[in-house]
Structures are given as C-alpha cells and as structure tokens.
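Engineer: Each chain is listed here by its residues.
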Amino acid sequence: MENKYDVVVIGSGFGGAITACRLAQSGRSVLVIEKGKRWDRYDFPRGSGEVAKSCFASAEHPKPEDGFIEYLTFPNMDVIQGTGVGGGSLHYFNVHITPPGFIFDSPAWPEHLTLKRLRPYYNLAADMLGAKPISHDTDRGVPLRTQVFEDAVNSLGLEAERVPICVHLSSNTKDGNSKPACDHCGNCMLGCQLHAKNTLDLNYIPLAEKHGAKILAQHEALNVSPDSQGYSVTCRDLSAAPADIKQHTLKKFKAKQVIVAAGTLGTNQLLLNCKNISQTLPRISDRLGQSFSGNGDMLFAGTHYQNRTVDPGRGPSITSGISFRHPNNQYIFIEDLGYPDPFIWYFNNVIPTKGRFKKLLSLALNYIGEARGTGMDFKLEELLNDGYLSNFLPYLGMGTDAADGTLTLNRKGKIRLNWTQKNSLPLFRNMIQHMKDISTASGGKFVNSFLWKSPVFKIPMQRTLTAHPLGGCAMSDSPLKGVTNDRGEVWGYKGLFVADGALMSAAVGVNPSATISAVAERIAFNIIHKRDLQEDDVSRPLNTQAVVPEKIIVAAKQTVAPKPDVTSNDKQKLADKELLK
Amino acid sequence: MTTTITHKQVHINGTRLHVAISGPSKITSKENCILCLHGFPEGWIGWRPLMREMPDITIYAPDLRGFPSSDLADNGYDIITLTDDIDQLINELGLIKPILMTHDWGGALGWIYAHRFSNKISRLVVANCPHPKTLVRAVFKFEDFQTFRIPWVPPFQIPFLPESVLTSLIGRKLLALSFTLREGSKGKMDKDLVREIVNRFQYSKTMRGPVNYYREFVQTLLHPETRERLKDIYSHSIQVPVSLIWGLEDGALSAKVAQTSYIDAGCSVEWRPLEGIGHFVDLEAPELLAKELYRLIIQDDSHTIELNTVTTLALA
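Residue numbers (my numbering), protein chains in the order written: chain A, 3 to 583; chain B, 1039 to 1354.
One chain only, chain B, in its complex shape (with noise of 0.2 Å):
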C-alpha cells in the first residue's frame, strides 16, 4: 500500500515550520493521529518510512525549528521556545489529542513538552532518547559510561566551525557514516535515504540551526534563572501514558540510563525494548516502529470502549 505526502507550511511563535502530513485520504485527520517529531539531523524525511508503513493513520511530521525546509531562524532555539513551537503548532493544525511519537532530539522536547502540557496530547511515545534530566545526570554521575558516549557535544559549544566541517563534502560523508556506522545488527537502514537526509545540508548556515540545540541546552544548564525555570518544569510529572522504545545497540545512549527515566518523569515508563537495533529506530526498523503503534492505538481503542461500557452500565 502507498500513501501520498502532502506538505504545509505554517507559521508560528515567529518562524516558518514546514509540515509533512500523510494520510490515508485527502481529509486528514485531526483526531487520532501522530505527530512525530524528528531527531539530529533527519528532518521529517526520517519519518517517511514510518509514514509507509502506517497508510492508514495521519502522520504529522515537520521539520523542527532551524532544519532545512523550515525557516533558518536566528534564534530560540532554547527548550522553552522549541516546546513552545510544538504546542502552538498543535493549535495551528488544530490537532486534538495526538500521540506524540519522538526520537533522538525530539524525544528531548517530548519528555519536556509532556511535562508542560500534558494535557494536549494522549500520550508520549519516546524513542531512544532518555529523559533529559536522568540524561544530565548520569553524564555529571558518570553512570555506564554515558559521560564518553557523546563526545561530540562539547565540540559542539566551539561558535561557527563545527556547522561548517559538517556540511563541507567531507562532513557530509561522515556525518552519512554516523548513519550508518550505528546501524544495529539486525537494522535495515535505506542508505539512500541516509544520503538524501544528509544532502540537505548543503550550506553551513543549514547546519546552524541544529547544532544550536545542542549549545543551548548547556547555556540554559549553565545559567541559575534558567536552570531554575527547567527545574520548576520537571517538578510537575507528566500526566499521559509513557512508551520509551528502545533500539538496545544504540551505543551513543545507555540503555541502562534510560530505564531510569521513570524516576524523573514522576510516572510509570512502559519499557519496550527492541533487539538488535541500534540508535535510529526509525530509519531501522520502521516496520517494528509501526507495530509498536499499532498495538498502542489498539490498547487506547478498547480502553475508551470499556471506559464507555463502564459509564452506560453505570448510568444504567
């Protein structure tokens, strides 16, 4: 089965975001779909897969603040500013009540935007991508080596150079090699896709936007007001259902880490790991992606039909 990609551009919170929509018809839904947001450096084009393989559904992808297709914007690239982005874009596509499905760095902004509005989306299906604050810690506690694990965000804080190695010819192949280097054993990675997602990145100010992500999360952990602000978000726990699926030979992220997500979400994180693949879960596998999807909009299906039976016997 095939579905047909249409693409939108919407206007939000000062900046352009550009939103890859597929449906199984041309009226797509607004309730139970998925937004999906991407991680470092796919764009929406890492959901396409994803896309493929689930016809039926109305899949919502954009592509963050600062990806290419987006606008290049020249700031807000702090936390509060990208949840923001997310929630306003809900509103603008008048989205009611999507799961939200996330990965890599757009798992960073799903745990964070499900501590801050919980109550618009129906749950938060987080892919390899630990919640921030267990995250922060077990780099400063050295827990499982998660300290050594991403040796590319402290070269990532130089201004200027690191978006320009990335996306001169040679960066570009290594950054295809981070692709494909990480591919679980039992991974099926479309290296084609791989190279298109990279050529994206065809000047260094493209590259800008994304490695800014990086540089301000440590300002906003750097700074006391800020770092206040984050902690007074994480005091309220997250109120939605929680997945965290995880490719177990993602070596950039411990999985060890990760299962103590729960502790800083303040609620239970189903725990659905996944064998043999690695860090891009969504490039891998889709396929396994896919049903653990399904098998959750099957659950919140007969979930509100017995939540209904209750209230009619009830009421009987």
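Next comes chain A alone, as it looks inside the complex (with noise of 0.2 Å):
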C-alpha cells in the first residue's frame, strides 16, 4: 500500500470531510483515516432491536459492529457524538445556522475572524449541502410540532424563525432530477434511509473520492509524530482479524501535512496523547484541551400540554428557532426537537401518566364485553392516545456558556472531561426561564430536563448532555491564548492543522454544524491559496465534478460504442448448428 500523501486527514465528519474535499479537488494526494464505518442507508437502524444493537458504539471499546452514535459520561455533563464516514452529518440534526455576527466579537475569538470574513464560506458549504428552511412549498408541508412550536412563541408575542436544515425537502428539483424527498419519519438521528438528508457521505465524501481522495474507514489514528519531510501518522486496523497480533495491525503513513478532524472529545484525545504521553509533539501550546464548551446545550426540557397534540417524532428534527439576547452578550437560542420513535414509543411506556392502569383495565372489560355480545364499545385506538410524548413539545436550548471545561486524559490514555456547571448557571436558568415563558403563555406546563432536576423529589443534579462539544485545541491570536491560528495551524507545527468543532474558541450559541464547515472551508482555502475566499471570488471551490457537457458525451458514445450486432450473433448461432450437425 502506497503509504505517502500529500496531506493525510484524521476524521471525516464536518471538519474532515469538508478539508479533504477540497484539498483533493486542489490536485493534492489525501488520505481520510475515520474509525468508524461506512454506512449504506439501508444499515441504520429501524426497529427498537437493531435500533438497540447497531446504533450506540462503545467509545472505551470499539468492536467492528458497533453503530455510528457515542455516548460519553462524564461527571457533570454527558457527550453524545457521531463515528463513522461522515462523523457526526450521520445523526445530526441538519440545522446549517449562521450565528449573530457579535458572537465572534468576544475576545476569546481571534481577531481575524469576523462573520463578514467566515460569510462566504458559510454559503459555500450551506449550497453544498443544501441547507434550506422547511416550508409550505415541500412535498410535505410542515409538521406538527412546527406549527404548535411557533403559535407557542407567538402566544409570547414573538416569532420564530425557520432554521435553514440541510435536508431534500421536495422530490423535484430545479434542474429536473428526482431524488426521494423526506417523509416526516423523524428519525434524522438514526440515519436517513431515504438519503433525503444531505449527509457529508453524499456530497463531500463522493467528490472527495472522484478528485482521488482515499477514505480508510475502521482505523483509529494513535499517533502524529513529525519527522523530515512533514508528519508520520500511527493508526490500527480495527477491522483486522481478532486473532492478529496487535502489532501487525498498527500502519504508518507520511504526509507532509496532517489535518486532525477527530471531534472536538477525539482531537483533544489524540493531540493530548501526543504531548504529555508519547511526547511526539511536545511543543503544543499548555492551552491544550482548555476552554471546553458544551455549547450551552438544555435537552429533554419541553412543556406538555393537556390534550394538543404535538407528535413530536415527525418531521425533520429540527424546523424552527427562537433567539434571545442579554446583557454582556449572552445569547440564547432555543428549537423545537423530534426524537425518533423508538424512543418516543420506550418513553410514552415508561412515563406514568393519570389513570392508564384504569384505563387498560377498563379496555380489558370491553374488549371482553364486546367479544361476548354485551353491547361494550371497545375502542383500540384508546391503546395510543394517552402516551405522554404525543402532547410533548421538546426544546432544543443552545446559549454562550462560559466555555470553561478542561479535557484531560485518564490513565487509561483516553479523555476526560472537567466541568462544572457554576460558571454558566446564568445563561441556565435564563434559558430555562424562557422555556418557562413559553410554555405558561401557550398554556401548557414546563417540563424540566430530568439531568437537570430529577422529576420525582426535585433534586437539582444540574447535569447537562451536549451534543455540540466544542473547544479544546482554540483558535487564538497567540500561543498563550490558544492552541492553533485562525487558519486552524498549530503554533509551533506547521503544517499540522486542527480543523473540527475543537477550534471553537468559546460557544456558538446555536447549533455549530454549519460554523465548523465555514472554518473548515476557509482553513482547506487558505491552505491552498494562502489567502481569504471573497464573494464572487475566480477561485471559488466547485461543489460538483466539473462535468463534461452531456452532448460531447453522447456524440463520444455514437462514435464508440459498437452497433448493435445482430448478424455476427446470427452467424455465431448458425456456426453452433453446423458443429452440432
């Protein structure tokens, strides 16, 4: 195996993809490296069984048929991240949302980066992946839960606004190709079947590997150590056969530049490793794994109403969005969310609500009264229409906590991570107020998270579960601030880049995914041209194959390919016969 590239790319969700797409599109050799699988749509799961066997993966011990979601627990806060060839696009929930522009004022950012800098990227990427507000106009309409979402933050006298989402909303589209169109199923963050939602395995990864991108999928990168000529990158086959030796399944390749796109929880891991444990990159700034930030991320909070229904399980997972701000800069933004339904079904079992068991016991009588000819009305559909979930109206809350999580390793070489909820209780109990508003003036009731306080005796846990970890490996103006440039470079490597949700210098305050494209757009642009992309800009990067106009194509065929050749078949048959004779 030809083990010299031109860059090698650990990582192949937003970050990853996203450089490796555009530096193979430069003429350059690239290698992806991606731990996870690669997902056929048909392999994610459905039913609650598969659904429990191949969706979560095991990030402590990775097994060749483990799924493409990880759960991590940490003391304070979980982490819920994506493996696998598209990283997190997998289960993500296909929110391409540009930030307010004060965001990048705060001084954590480098002074570069300025959202009139970061616009053109934004668009690059969001017209790469289609990103587009749901609407009327869809095959579908728009769900339910959209609709009870923005009358609720209307009944406060305020309007939601639709989310761009980077999903195929209507079969048809402008350029007369049809492509199957979401079906509302709501199952955005166990994988889309219908390739409706626009994951990074459909646009980036595909065209990557036109220009001569090589994808490894299934091996873990364990080391980056620099030598002569640029870097040399450890990994392990962890599709290998159980029986080899541990040894012979370890690869090295060389590259004279490496982009880490690992996640922000494996980047930090990888880049940590290499400084304090195998000392192969020494110099990396003491910021390393600092300022960690879960994004301000509130789940499972929502209000339940009495008898209007929700449904929250259909529909793409997240449409419409509502944005607060606040003194010194602290912003707040707070979605509606799905949950596919295995867990909507699990949770509707689970959650007790008034009167089921005298509900089931009184259909029980009538289904045998009805059975017996008494006259009983037995009502099937009674079965579904107390399940707590269907009147449940589920928030999303994203907001700029204080961003002061350390990642650290344990002893077992892998992260950890330090946070305490102290410095950001105040954007906490802001959002949860909000919430509060929301639900009193739509007349339902406040749901609090159950991390957050547990729903019997009240006791304040005050734990959160992110799935935005950002921060750790930060952009800075210097190596005392952080740990790489604006350009994603790491001080005192070059030609080492980071380019993942890792470079965050502080939180985004909505949902990241599209701020990590734009960054990762602009570090593969400035890597090639070492300068900014501009509007309107000669060298701006193509989001298709340069295609040969479809006439040439079809006057090469009528020149080449043979007529159909009738009369040698005849002869041939003929030939047959006189042999048979």
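Keep in mind that the hints were calculated from the coordinates and are not lab data. Some hints here could point you the wrong way.
Across the chosen pairs, the derived CB separations fall in these ranges [what the hints assert, rightly or not]:
hint, chain 1, residue 1, chain 2, residue 2, range
1, B, Pro1192, A, Gly159, 53 to 59 Å
2, B, Pro1262, A, Gly357, 58 to 64 Å
3, A, Gln536, B, His1049, 43 to 49 Å
4, A, Leu385, B, Phe1178, 37 to 43 Å
5, B, Phe1183, A, Leu365, 39 to 45 Å
6, B, Ala1290, A, Gly375, 42 to 48 Å
7, A, Asp139, B, Leu1260, 53 to 59 Å
Listed next, the in silico DSS-like pairs over lysine-lysine satisfying Cα-Cα at most 25 Å (straight line) [said to hold, decoys possible]:
hint, chain 1, residue 1, chain 2, residue 2
8, A, Lys381, B, Lys1226
9, A, Lys438, B, Lys1211
10, B, Lys1243, A, Lys438
11, A, Lys447, B, Lys1226
12, A, Lys361, B, Lys1229
13, A, Lys381, B, Lys1224
14, B, Lys1179, A, Lys381
15, A, Lys356, B, Lys1229
16, A, Lys360, B, Lys1269
17, B, Lys1229, A, Lys447
18, B, Lys1158, B, Lys1269
19, A, Lys356, B, Lys1269
20, A, Lys356, B, Lys1224
21, A, Lys447, B, Lys1211
22, A, Lys455, A, Lys356
Backbone N, C-alpha and C fix where the C-beta goes; we use that ideal spot for every residue, glycine too.
Join these two chains into a complex; the hints should help.
Structural biologist: This is the structure we're talking about:
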C-alpha cells in the first residue's frame, strides 16, 4: 500500500470531509482515516431491536459491529457524538445556521475571525449541503410540531424563525433530477434511509473520492509524529482479524501536512496523547484541552400540553427557532426538537400518566364485553392515545456558556471531561426561564430536563447533555491564548492543522455544524491559496465535479459504441448448428 | 394541511389594532376573505382553530380595541366607536366585501356594523349572539329567563374591581373554568388553548378594555341621547344576508330569544343550529363552523355564476 500522501486527514466529520474534499479538488493526494464504518442507507437501524444493537458505539471498547453514535458520560456532562464515514453528520439534526455576528466579537475569538470574513465560506457550505428552511411549498408541508412551536412562541408576542436545514424536502428539483424527499419519519438521529438528509457521505466525501482521495474506514489514528518531510501518522486497523497480533494491525502513513479533525473529544485525545504520553508533539501550547464548551446545550426540557397533539416524532428533527439576547452578549437560542420513534415509544411506555392502569382495565373489560356481545364499546385506538410524548413539545436550548471545561486524559489514555455548571448557571437559569415563559404563555406546563432536575423529589442534579462538544484546541491570536492560529495551524508545528469543533474558541450559541463547516472551508482555502475567499471569487471551489457537457458525451458514445451486432450473433448460431451436425 | 399565520399592526381611529392573517399563500387575498371578530375574552387566538380548518381561505382576525396585543386604549369602548374601528380596519386592510364572521361580543358589533355599513360586507355570519336589541328587550321582559342567564353584567359595572379580580391567579382560573364548564356535550375544546387565552391577561389593565365593553353598552342604554342614536341605527334594516349559527347548549344566551332576532334585524335571518355545542362555537367546533362557512361561500359563488349567466342571457 502506498503510504506517502500530500495530506492525511484524521476524521471524516464536518471538518475532515470538507478539508479532504477541497484539498483533493486542488490536486493533492489525500488520505482520510476514519475510526467508524461506512454506512449504507439500509444499514441504518429502525426497529427497536436494531436500534439497541447497532446504533450506539462504545468509545472505550470499539467493536467492528458497533453503531455510529457514541454516548459518553462525565461527572457533570454527558456528550453525544458521531463516528463513521460522515462523522457527526450521520446522526445530526440537519441545522445549518449562521450565528449572529456579535458572537465572534467576544475576546475569546481571534481578531481575524469575523462573520464578514466567514460569510462566503458559510454560503459555500450551505450550497453544498443544500440548506433550506422548511416551508409549505414542500412535498409534505410543515409538521405539526413546527406549528405548535411557532404558536407557542407567538403567544409570547414573538415570532419564531425557520432554521435552514440540510434536508431534501421536495422530490422535484429545479434541474429536473428526481430524488426522494424527506418523508417526515422523524428518525434523523438514526440515519436517513431515504438519503433525503444531505449527510457528508453524499456530497463532500464522494466528491473527494472522485478527485482521488482515499477513505480508510475503521482505522483509528493513534499517534502523530514529526519527521524530516512532514509528519507520520500511526493508526490501527480495527477491522483486522481478532487473532492478529496487535503490532501487525498498526499502519504508518507519511504526509507533508496532517489535518486532525477527529471530533472535539477525539482531536483532544489524540493531541493530548501526542503531547503528554508519547511526547511526539511536546511543543503544543499548554492551552490544549482548555476552554471546553458544551455550547450551553439543554436537551429533554419541554412543554407538556393537556390535550394539544404535538407528535414530536414527525418531521425533520429541528425546524424552527427563537433567539434571545441578554446583556453582556449572552445569547440563547431555543429550537423545537424531535425524538426518533423508538425513543418515543419507549418513553410513552415508561412515563406514567394519570389513570393508565384504570384505562387498561376498562379497555380489557370492554374487549371481553364486546366479544361476548354485551354491547360494550371496545375502542382499540385508546391504547395509543394517552402517550405522554404525544402531547409533549421538546425544546433544544443552546447558548453562550462560560466555556470553562477542561479535557484531560485518564490513566488509560482516554479523554476525561472536567466541567462544572457553576459559571454557566446564569445562562441556564435564563434559558429555563424563557422555556417556562413560552410554556405558560401557550397554556402548557413546563417540564424540566430529567438530567437537570430529577422528576421525582425535584433534586437539583444540574447535569447537562451536549450534542455539541466544542473547544480544547481554540483558535487564537497567540500561543498563550490558544492552540492554533485563526487558520487552524497548530502553533509551533508547521503543516499540522486542526479542523473541527475543537477549534471553536467559545460557544457558538446555535447549532455549530455550519460554523465548523465554514471554518474548515476557510482552512482548506487558506492551505491552497494562502489567502481568504472573497464574494464572487474566481477560485471559489466547485461544489460539483466539473462535468463534460452532455452533448459531447453522447457524441462520443455514438462514435465509440459498437452497433448492436445482430448479424454476428446469427452467424455464431449458424456456426453452432453446423458444429452440432 | 397547515397554514402560516402572519401578523400586522394597523393604526386606525386613534389606536393600534393587531391583526392576525392566515391564508394559502404569502400574497393574501383582499377579495373572498373572511373578517373574524372575537368575543369576550378570546382575542384573535379564538379563531386560530378555524384558521387551521380553512387553510385555503384568507382569514383576518383582529384583536379588538383594548384587548392585549392591540393597544390598551383608555377610551372609545362605546358601540359607535367600536363599529367605526371595524369600518376603518376594513378600509385600511383594503378588504373588498369580506364575509363578517362574528361571535359573542364581536357578534353584537357585527349586528350593529351590518346596520350601519351594509354595503361594505358581503354577508354577516353570527355565532351565538342574538341581535343586541332583541337581547336587551329579552332581558327587560324576562323572556326565557334571559335576565338571569348573564349575571356577570351587573358586577362588571363596578369600576376597577372586576378587572383586578379576573387578572389575579384565582380569577384567571375562574375565567378558564368559565370556558371549560360551559363546553357543550359534543364540543371538543382545546384546554391548552383556553389556558393560552386566559394567560394573555397578566395584569389589571389588560382586562379593563374588555370589561369596558359591558360598562359602555349599559351607559349607551342609560343616556337618552345615545339611546336615540342607537334607535336611529336600528331603523336602517340590514341589507346583507344574515346567518345565525347557534350552539344549542349555550346556557348564557337563550336560543329562543335569538330566534326572534329577525324582528329587529329587519331582514330574514337564516337559523343554523348546532346540536351538542355550547357557547364557544369557535373553540368547540371549528370544523362545523368551517363547514357552515364553506357552504355559504359555495352558495355565494354559484349565486354569482347564476347572476352572470342571467345577465349574459339577457344581453343575448
């Protein structure tokens, strides 16, 4: 196997796929190392048994049959992240939203990084990912959850905005191609079987492969060390036969440039290992692993209505949002949230509702009664109509938290997160207050996250779950403040880049995938052109493969393709007959 | 099918009204539309279920003067100014002969508006509100116990107290109960919507305007001058077709009294009773209301086609 490349990219999430694609387009030889599997659309689990078996992956003990979602628990925060070719895009909730400009004005961000400078990159990524808000003109219109959320926000006297989502919503596109549209199944988190969700393995990664990039799935990068011509990356083949000797499953690749984009926790784990344990990159700034932020994520909170149907499981998982701005540039964004079906069924069963037992009893009586002809009215539909989540509008809250978490390694060399909610409490209090306001104004009852406050006895646990781990290798103006410069290059190591959520210097306040994409586009553009992309730039990277006009192809086929050769076929048959004689 | 609801602020008659508009597309229709006037104390939200039931029709629903989301005006709660508000609202929005769909207090305004400006609307549809003159006469003549059916009107005459009581925590609960307890046997009221309506009244001033409707109407009846004015208005009979949709399980307003509305309207009133529905037709049975409205719209359409064919025949 050829083991010298121009660029080795570790990870194939938003950072990795985008940089790999752009660098391959510029003619460089690119290798992408990805820990997870490649997922075909019918591999995504649907039934509850399948979900239990092949949805979640263990970060500690990776197994080849594992899924694409990793759930990690730490003292005060849980983290959910993706693994697989396409990274977080496989399970993410499709939101591609540009944060407000003042987010980048905070002193944590490098001076050069402004929304104005990033905007062309945002547009470039949005175009590739097909980001568009949901509307009535689409095939299935607007799901009920969106309507309920917008009505609820409306009752406060505010108007919710539809967020751009990277989902294919209408089957007929302008260029005449027919592609299946979203069928509102609501299982965005479990991977899209229709390929209506524009995950990275449908756009950036195939484009990279067309330009010669190589994707090495099920390989976990273990170490990066500098050598005379760049860097060498050691990785382990996870798909190797189990009886193989550990040493033989290791592979080594050499590259002039290495881009680390293994997801926030993965990147930090790899670089911390290189800095502290193997000491191959000892000069990385001491800020490595500092200023981790959970993006102020608050999941599982919501409004429970008495008899208003919400059906949170229908429609793309996030559709609409409302922003609040407080003094000191504290920013809060609240969105509606959908849960995938298996979880809805589970919670509908587990959460007790008033009089369920009584209802079941009377249902059984009515069933027997009707079977025996006593004229009792058995209604099968009543089995389903007291599900707790059917009338529950879940929220996803995000905001600019204090970004004061620390990532370290435990004794086994695995990542460990130390985060306390103490400095972020004002944000979470405001966020909960806003959710409460929306709930009461719209006539429902606010239900807090069961991680934040226990549902029974109301014990304040103040735990959070984040789907947006950010920071650890912050971009900065100097090595004293962060780990990389504003173009993602690690201070002190030329040619070593970071290009994922780990770069975020502070919380973004909205779903960060668009920002990570834009920053990754910027890193790639800067590596290639050593300058910034302008509006209407001639060297703007193409989002499609340069295609030869169709007419030429048709003409070429006509000249080259042999005519349907009936005569020769007949001759053959005659010859066969003669032989038989 | 779902609809998008947009919101507009309209400055008219010295106040600001908030209007919610729902329609099939972004360009809202000025013709063949419905203007909905809400009752006490719903506000525009009371019409939201109807908007969802009629996604292909443009519906305008204002918050009337003094209701939250509109300006909490200090004065102008007499029936003349209130109907002027509606007239200027129709002008300002540029509506061409809308169907006027009204309920409860909005119904009273609708009746009087139809007396004053018959040429501005294509038809009047009233849900659960008798003609105001009929109602007043019934109250004084004890027809069908109508006098005892609306016991909150006298206490509403006390200044300041009713609004502060109704906007207190217990008052809001009572207000919510006044919706849910009066629900008809076949009504399907969205209890969360009721709570949403009631939670709009957070402090005493938000309720002052709505209660002032009752105060000013009694004042109008007491003063000989305004009573004359009202009499003068009633003397012009209504020139548009009127339909009276009635939830029969309404305890507050007697169906028997309502059926005599035609005497005072000066025109025939189409009687459309709804079985098993209570007072809040807009909240309990939006689908039945929508059916009634569609029936009227189709009827109007075929009527104009007929007229057209008649004229073309005549021309030929």
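Engineer: Take a quick look at whether lysine 438 of chain A and lysine 1211 of chain B sit within 25 Å of each other, Cα to Cα.
Structural biologist: Within the cut-off at roughly 18 Å; holds.
Engineer: Between lysine 1158 of chain B and lysine 1269 of chain B, is the straight-line Cα distance small enough, at 25 Å or below?
Structural biologist: Holds. Lysine 1158 of chain B to lysine 1269 of chain B sits at ~21 Å (cutoff 25 Å).
Engineer: Within a Cα-Cα threshold of 25 Å, do lysine 1179 of chain B and lysine 381 of chain A meet the stated pairing?
Structural biologist: Given that 25 Å is the threshold and the Cα spacing comes to 49 Å, the pair is violated.
Engineer: Does lysine 356 of chain A pair with lysine 1269 of chain B here, judged by a C-alpha cut-off of 25 Å?
Structural biologist: Not OK: lysine 356 of chain A and lysine 1269 of chain B at ~56 Å, beyond 25 Å, violated.
Engineer: For the hint 42 to 48 Å, verify it against the beta carbon of alanine 1290 of chain B and that of glycine 375 of chain A.
Structural biologist: Between alanine 1290 of chain B and glycine 375 of chain A, where Cβ atoms are some 44 Å apart, the hint holds.
Engineer: Lysine 1229 of chain B and lysine 447 of chain A: Cα distance at most 25 Å?
Structural biologist: holds, 12 Å
Engineer: Could you say whether the range 53 to 59 Å given as a hint is met by the Cβ separation of aspartate 139 of chain A and leucine 1260 of chain B?
Structural biologist: holds, 56 Å
Engineer: Verify the proposed pairing of lysine 356 of chain A with lysine 1229 of chain B, using a straight-line Cα cut of 25 Å.
Structural biologist: holds, 17 Å
Engineer: Just to be careful, I want the Cα atoms of lysine 360 of chain A and lysine 1269 of chain B compared with a cutoff of 25 Å; is the pair within it?
Structural biologist: violated, 60 Å
Engineer: Taking 43 to 49 Å as the hint, is the beta-carbon distance of glutamine 536 of chain A and histidine 1049 of chain B inside that range?
Structural biologist: holds, 44 Å
Engineer: Within a Cα-Cα threshold of 25 Å, do lysine 1243 of chain B and lysine 438 of chain A meet the stated pairing?
Structural biologist: holds, 23 Å
Engineer: Quick check on a hinted range of 39 to 45 Å for phenylalanine 1183 of chain B and leucine 365 of chain A, using CB atoms only.
Structural biologist: At 43 Å between Cβs, range holds.
Hints 1, 4, 14, 16 and 19 from the earlier list are contradicted by this structure; the remaining hints agree with it.
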